[in-house]
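A.B. asks: Sequence:
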Amino acid sequence: MEDHKGLIEPVAIQVGEIKLNINLIDAKKARKSTIYQGIAIWQSGRLVGEPSWILGNIMVLDGRSQEAKRYSVVVETEDLADYIREDWTGFKRDTKLDEVYEAINNVVQDLFLKIAKDSINERTLQIRKQYENQYNDLSPLAKNEFNEAIEHISVSNPTAKQESIALALETVLNLEKTRSGHELLVKLSNLSGEDVDGLNTLLENWSIKDALTVLDEIDNRITVIEAIRKLASDPAVDELHVLHPLVASARWIFGPEYDSPEFSSNNQLQTTVEKVFGKKLKKNLFNNNRKRPDIAVMGNSTFSITATTDFDHENGLSAIKKILIIELKRGGFKLGREERNQAVGYVEDFGNCGTLIGTPYINAYVVGESFSEKVQPIQSIENENKVEIGKVQICLFSQIVDSSERRLFNLRERLNERYADVTGIELFNQQKRLAI
413 MEDHKGLIEP VAIQVGEIKL NINLIDAKKA RKSTIYQGIA IWQSGRLVGE
463 PSWILGNIMV LDGRSQEAKR YSVVVETEDL ADYIREDWTG FKRDTKLDEV
513 YEAINNVVQD LFLKIAKDSI NERTLQIRKQ YENQYNDLSP LAKNEFNEAI
563 EHISVSNPTA KQESIALALE TVLNLEKTRS GHELLVKLSN LSGEDVDGLN
613 TLLENWSIKD ALTVLDEIDN RITVIEAIRK LASDPAVDEL HVLHPLVASA
663 RWIFGPEYDS PEFSSNNQLQ TTVEKVFGKK LKKNLFNNNR KRPDIAVMGN
713 STFSITATTD FDHENGLSAI KKILIIELKR GGFKLGREER NQAVGYVEDF
763 GNCGTLIGTP YINAYVVGES FSEKVQPIQS IENENKVEIG KVQICLFSQI
813 VDSSERRLFN LRERLNERYA DVTGIELFNQ QKRLAI
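Note that the sequence shown ends on residue 848 in my numbering; no numbers are left out.
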């Protein structure tokens with residue numbers, strides 16, 4: 413073995429009391445057949461079974477790879493006689509051998525990693541030739557990034573399966589083809605000096621992914637508010653299918669505690685809605701009733717009813733903690749004492765319906781275009797024990813817009829040009845796509 417011309421520096425290891433000498437042999441050229449390639453284990457100079465790149469349950473190397481066709485591994489030992497089958501066709505099943513296989517695999521992977529680092533240029537040319545047509549269509553920058561991808565794969569995964577390498581490189585090629593590099597360069601060339609400085613500061617403190625995450629969220633919220641502002645006074649708008657879903661998706665306007673995915677419609681709440689409103693509900697008016705159980709239609713009003721739940725740590729059962737009711741009046745309604753008192757009745761009915769576990773606090777907002785100056789816009793509701801169980805507030809669309817702008821640090825005013833020429837229904841459709 414020590415006189416073999418293709419022998420690469422051998423490695424000696426020990427697994428418990430078992431000593432192993434692992435020899436990597438370079439055949440200098442890839443063979444067409446892999447019948448003699450793989451890992452050969454020699455016990456006292458005699459081959460056990462047939463060479464294979466599979467040891468037990470471990471695939472050390474994909475037999476179709478160039479490395480598998482070019483290299484062989486010979487493991488020499490004097491300590492595996494007790495684990496060999498009587499006919500020397502292989503090894504018996506034994507947990508100790510699993511440890512031996514794992515140790516051999518680790519050494520072989522390290523050896524191929526060293527080879528990969530020494531032969532990056534050769535492997536790059538080899539892979540690039542395989543993707544010659546696609547590679548030639550790339551821009552100089554894209555070609556450089558493709559070469560970097562090959563180098564990274566070669567070094568980090570020297571024994572990766574051919575399918576894995578192909579999938580990774582196909583992905584890189586597709587990204588390069590779809591990348592709007594030219595458009596980006598044009599945009600950069602048109603930036604003012606102030607914008608260039610701002611972009612540089614942004615990239616110093618933020619990753620692109622983080623910046624896009626924040627900007628997308630801000631854009632989504634401003635889009636909702638701008639759509640409400642433009643559509644609230646439009647007499648032709650479909651309040652049920654357009655305006656109310658916008659208001660329902662902007663619960664954060666009514667308080668930071670409502671800005672949470674925790675708010676949802678659940679079975680307790682749906683049962684309560686059915687009991688409180690009863691036959692007054694008009695499900696046939698809203699064709700998305702099953703998909704949006706949080707929206708209820710009744711007469712000239714549309715309700716968004718959601719809640720937060722909490723768990724009783726003693727019995728593990730969930731209980732509703734807070735309920736948010738948003739009543740949207742249709743048709744440019746002027747809110748008065750009757751509408752407010754009706755909402756007070758809803759709060760009382762919800763609090764005393766007998767279908768809600770616990771004593772949730774109920775916030776009810778009645779939203780319209782205007783309200784009578786003779787009505788008190790805010791009213792607290794107490795139970796028979798003088799404990800406050802909820803509150804009713806009259807709210808205007810203009811008030812929603814103003815409040816939202818303050819919550820968004822007046823960003824809408826600073827970015828007004830971005831939304832100035834977009835119609836309200838276009839903004840609604842844009843927000844609807846983002847919500848899907």
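Misleading hints may appear alongside valid ones.
[Said to hold, decoys possible] Using 30 Å as the maximum straight-line C-alpha spacing, the simulated DSSO-like pairs for lysine-lysine come out as follows:
(1) 733 with 786
(2) 541 with 431
(3) 803 with 687
(4) 803 with 733
(5) 541 with 481
(6) 746 with 734
(7) 786 with 803
(8) 508 with 555
(9) 526 with 508
(10) 541 with 526
(11) 526 with 642
(12) 481 with 504
None of these hints come from the bench; they were simulated from the model.
A.B. asks: For each hint, tell me whether it holds in the structure or not.
C.D. replies: Hint by hint, here is what the structure shows:
1. Between residue 733 and residue 786 the alpha-carbon distance is near 33 Å, which puts this suggested pair outside the 30 Å criterion.
2. With a C-alpha separation of about 42 Å, the suggested pairing of residue 541 with residue 431 is violated against the 30 Å cut-off.
3. Annotation: proposed proximity of residue 803 to residue 687 holds, straight-line Cα distance about 21 Å (limit 30 Å).
4. At roughly 15 Å between alpha-carbon atoms, residue 803 and residue 733 fall within 30 Å of each other, so this suggested pair holds.
5. As the CA atoms of residue 541 and residue 481 are separated by approximately 18 Å, the hinted pair is consistent with the 30 Å bound.
6. Pair hint residue 746 plus residue 734 holds up; C-alpha atoms about 28 Å apart against a cutoff of 30 Å.
7. A C-alpha spacing of about 19 Å is found between residue 786 and residue 803, which places the hinted pair at or below 30 Å, so the restraint holds.
8. Our distance criterion of 30 Å between C-alpha atoms is broken by residue 508 and residue 555, whose separation comes to about 48 Å.
9. Note on residue 526 and residue 508: the hinted pairing holds, with a Cα-Cα distance of about 28 Å set against a maximum of 30 Å.
10. Proposed proximity of residue 541 and residue 526 is supported: the alpha carbons are some 23 Å apart, at most 30 Å.
11. Between residue 526 and residue 642 the alpha-carbon distance is near 65 Å, which puts this suggested pair outside the 30 Å criterion.
12. A threshold of 30 Å between alpha carbons decides the hint, and for residue 481 with residue 504 the separation of about 27 Å falls inside it, so the pair holds.
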